[in-house]
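Position chain B relative to chain A; hints supplied.
Respectively, the protein sequence lines represent chains A and B.
The working numbering applies: residue 1 is where the first sequence begins, and numbers increase by one.
The working numbering applies: residue 1 is where the second sequence begins, and numbers increase by one.
Derived from the structure by calculation, the hints contain no laboratory data.
In this text, a Cβ means the ideal position worked out from N, Cα and C, and glycines have one as well.
Fair warning: there could be bad hints in the mix.
Claimed, not checked - Simulated crosslink set (SDA-like; lysine to any residue; CA at most 20 angstroms straight-line):
no., chain 1, residue 1, chain 2, residue 2
1, B, 47, A, 146
2, A, 47, B, 116
3, B, 47, B, 218
4, A, 47, B, 145
5, A, 47, B, 117
6, B, 17, B, 116
7, A, 225, A, 122
8, B, 47, A, 144
9, B, 47, A, 148
10, B, 17, B, 196
11, B, 47, A, 125
12, A, 17, A, 214
13, A, 47, B, 5
14, A, 47, B, 149
15, B, 17, B, 117
16, A, 47, B, 143
17, A, 225, A, 125
18, B, 225, A, 135
19, B, 47, A, 140
20, B, 17, B, 40
21, A, 47, B, 152
As the list claims (entries may be wrong) - Where chain B lies over chain A, by a calculated footprint (3+ residues, C-beta under 8 angstroms):
no., region
22, 33–40
23, 55–63
Below, each chain spelled out in residue letters.
2 protein chains.
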Amino acid sequence: MTRPVITAYDWVPDFAKGLVRDLQVRWALEEVGRSYDVRYLSQGSQKAPAHRAQQPFGQVPTYQQGDLVLFESGAIVLHIARTHAGLLPDDPSGRARAIEWMFAALNTVEPPITDYGVAAVLERDQPWSQPRMPAVVARIEERLGDLAARLADAEWLDGSFSAGDLMMVGVLRQLRDSGLVEAHPTLAAYVDRGTARPAFRRALDAQMQGFTGSPPPGFAAWLEKQAQGAAA
Amino acid sequence: MTRPVITAYDWVPDFAKGLVRDLQVRWALEEVGRSYDVRYLSQGSQKAPAHRAQQPFGQVPTYQQGDLVLFESGAIVLHIARTHAGLLPDDPSGRARAIEWMFAALNTVEPPITDYGVAAVLERDQPWSQPRMPAVVARIEERLGDLAARLADAEWLDGSFSAGDLMMVGVLRQLRDSGLVEAHPTLAAYVDRGTARPAFRRALDAQMQGFTGSPPPGFAAWLEKQAQGAAA
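Chain A with its partners taken away, still in its complex shape:
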């Protein structure tokens, strides 16, 4: 098989470092022992036609192997899991349930967490951001409570570590500075177990080492405006 090529950014703001979605793809590739190449994009070039031909929404990651080009981190991780051993159980029912947890991570647990990111970063200097935050947090807390209840004191969500755990840990890590996961010690320990895996450490190191580029023109002015908004 030819060596897959993924895309990643050569620069992101500090709050996004270690959280860009190529991380989950790198992690999956590391778990299955597959080496890969990275094509780095400078900020702005992800919206150019050349990249949009591979990623219609102008984002990362993409995954290319031979003639196959995929986008969406969930779809890429599932493709890797289905074509290599190690990230899905062998029995069909167990596989279906591991995939179920991938969708649960991305479509049930993540959306309120994305909303938190919007409120805490993108809309931070908007007048509605602080008044709205308790409602945003309450929606996350409901999901985390449900998830903690299901996980209970198990090591992983359904048997052995799977692509479902990989995606769920990836989603929960987005809350790293909020204290919301830490309110559930069993969930915090679950995230710690995931991020202690050697494959995760290699993936994170690789993403961090890839940030060798420069911010786009105008970023410094945007950052200053954000800081003023926060101080106001």
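Same frame as chain A, but now just chain B:
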């Protein structure tokens, strides 16, 4: 094979009728010609332990067939698509790309649309709801513009109708009263093509006919409060 059993609500508020997520599962089952049974839940019982044993987040739908129990509409539709002919291409690359569009629907296009639903319904009477709406709408418009550019004048997203189109049409239908999809005539036509499919019509009719129950205690008071907020 035993006949699958799904769960659905026996009552929802008018704004949710025709949009509850068992619809996509019914649609997939209709597309592949599979008959099914429905276990209806009254409002409130979805949060009881008996249902949470099948659905940890206390929602619908679930899917049970023999010993296999699944939740998450995306995972259920994918399971149906993978175990029956008609919703995924035969070639592995085409299958991977159809699954990519399922994830794109649920993790890239839907989250800002969910946010719109929160702003327009759940937080409708909150002081921040109207000031925030332009930012919410702008995030949806960016996604719809990207999607329309990729679809161009094609009939479906990637070759023949697939589970990816089924999920994408299901997500776009949530914007039915907003006018946002209609701003892109090719996208509106795409949704119309999807909802004109006989399997979709049967699924929608079945969901609507299932609403034979009563609102939970307190709903009338909540509705009145919402109406007052809208009039204020």
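Comparing the hints with the structure gives:
| no. | hint | verdict |
| --- | --- | --- |
| 1 | B:47 with A:146 | holds (10 angstroms) |
| 2 | A:47 with B:116 | violated (24 angstroms) |
| 3 | B:47 with B:218 | holds (16 angstroms) |
| 4 | A:47 with B:145 | holds (13 angstroms) |
| 5 | A:47 with B:117 | violated (27 angstroms) |
| 6 | B:17 with B:116 | holds (17 angstroms) |
| 7 | A:225 with A:122 | holds (12 angstroms) |
| 8 | B:47 with A:144 | holds (15 angstroms) |
| 9 | B:47 with A:148 | holds (15 angstroms) |
| 10 | B:17 with B:196 | holds (18 angstroms) |
| 11 | B:47 with A:125 | violated (37 angstroms) |
| 12 | A:17 with A:214 | holds (13 angstroms) |
| 13 | A:47 with B:5 | violated (44 angstroms) |
| 14 | A:47 with B:149 | holds (13 angstroms) |
| 15 | B:17 with B:117 | holds (14 angstroms) |
| 16 | A:47 with B:143 | holds (13 angstroms) |
| 17 | A:225 with A:125 | holds (9 angstroms) |
| 18 | B:225 with A:135 | holds (18 angstroms) |
| 19 | B:47 with A:140 | holds (17 angstroms) |
| 20 | B:17 with B:40 | holds (15 angstroms) |
| 21 | A:47 with B:152 | holds (17 angstroms) |
| 22 | 33–40 | violated (count 0) |
| 23 | 55–63 | holds (count 4) |
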